[in-house]
Amino acid sequence: MAEEKACEVEVEVKVEGASTSEVAPPQPEAVKDVEEEKAAIVPPPEEEKPDEPKALADVEKVEEASADKSSGSNEDAALAKVATEKRLSLINAWEENEKVKVENKAQKKLSSIVAWENSKKAEVEAELKKKEKCAQEELEKKKTGLAEKAKNKLAAILKQAEKKKAVVEAKRGEGVARAEEKAAKYRTTGLTPNKIFGFF
Numbered sequence: 001m002a003e004e005k006a007c008e009v010e011v012e013v014k015v016e017g018a019s020t021s022e023v024a025p026p027q028p029e030a031v032k033d034v035e036e037e038k039a040a041i042v043p044p045p046e047e048e049k050p051d052e053p054k055a056l057a058d059v060e061k062v063e064e065a066s067a068d069k070s071s072g073s074n075e076d077a078a079l080a081k082v083a084t085e086k087r088l089s090l091i092n093a094w095e096e097n098e099k100v101k102v103e104n105k106a107q108k109k110l111s112s113i114v115a116w117e118n119s120k121k122a123e124v125e126a127e128l129k130k131k132e133k134c135a136q137e138e139l140e141k142k143k144t145g146l147a148e149k150a151k152n153k154l155a156a157i158l159k160q161a162e163k164k165k166a167v168v169e170a171k172r173g174e175g176v177a178r179a180e181e182k183a184a185k186y187r188t189t190g191l192t193p194n195k196i197f198g199f200f
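1 is the number of the first residue of the sequence shown in UniProt numbering; add one for each residue after it.
The hints are simulated quantities; they were obtained by calculation from the structure and are not laboratory data. As the structure is a computational prediction, the values presented were derived from the model and not from experiment. Incorrect hints may have been included.
[To be verified] Restricting the straight-line Cα-Cα distance to at most 25 Å, the calculated cross-link-like pairs of lysine to any residue (SDA-like) are: (1) K130 x L146; (2) K171 x L158; (3) K120 x K130; (4) K159 x G173; (5) K120 x K131; (6) K108 x E123.
Use the sequences and the hints to build the structure in full.
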């Protein structure tokens, strides 16, 4: 049996960037033990992250405990060390996998937030431009309306002024005509007017 263990095959395992070399014994008992350890290793829930210092402390305790047991053979110690290294590499691979998942999820959410922010900015800018355009149109309408009102007022003022001028001209014409009639009357009768220029 010692000769069979001496002929162990070295296998290299690569798990997401972590590579470790393992010695896999050909005995079915050792394979069963490793399978049992795999089944016993349950990844911790996502909420509870394993602390690396605790995991390292546990490994050191296991190594110290295995070193303290001098009754066991070197082969058992080597198998325990291989199993521990394998378990640690699986835990490290699981941890890296979880970290990648979290990073991908966060990146996806961040990109969706940036897309939402950009769409909202575009909506606000479009709405602002629309309001500015409406405000300019309303301002133009107000200017046009005010200009039209001012023109109408000017036209009304001019009309009133023309009427007043016409009335004044008519009165002046009547006054001149009366004065000419009286002057002609005074000339024909030979009488003089009672008041001349209001001085007498």
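Now the hints, each set against the structure:
Taking the CA atoms of K130 and L146, the gap is about 24 Å. The hint holds against a cut of 25 Å. At most 25 Å may separate the alpha-carbon atoms for a hinted pair to count; K171 and L158 meet this at roughly 20 Å. For the hint pairing K120 with K130, the CA-to-CA distance comes to about 15 Å; that is within 25 Å, so the pair holds. Using a Cα cut-off of 25 Å, the hinted pair K159 and G173 holds, with the two alpha carbons roughly 21 Å apart.
This hinted pair checks out: K120 and K131 have alpha carbons roughly 16 Å apart, not beyond 25 Å. For the proposed pair K108 and E123, the alpha carbon gap of about 23 Å is at most 25 Å, so the pair holds.
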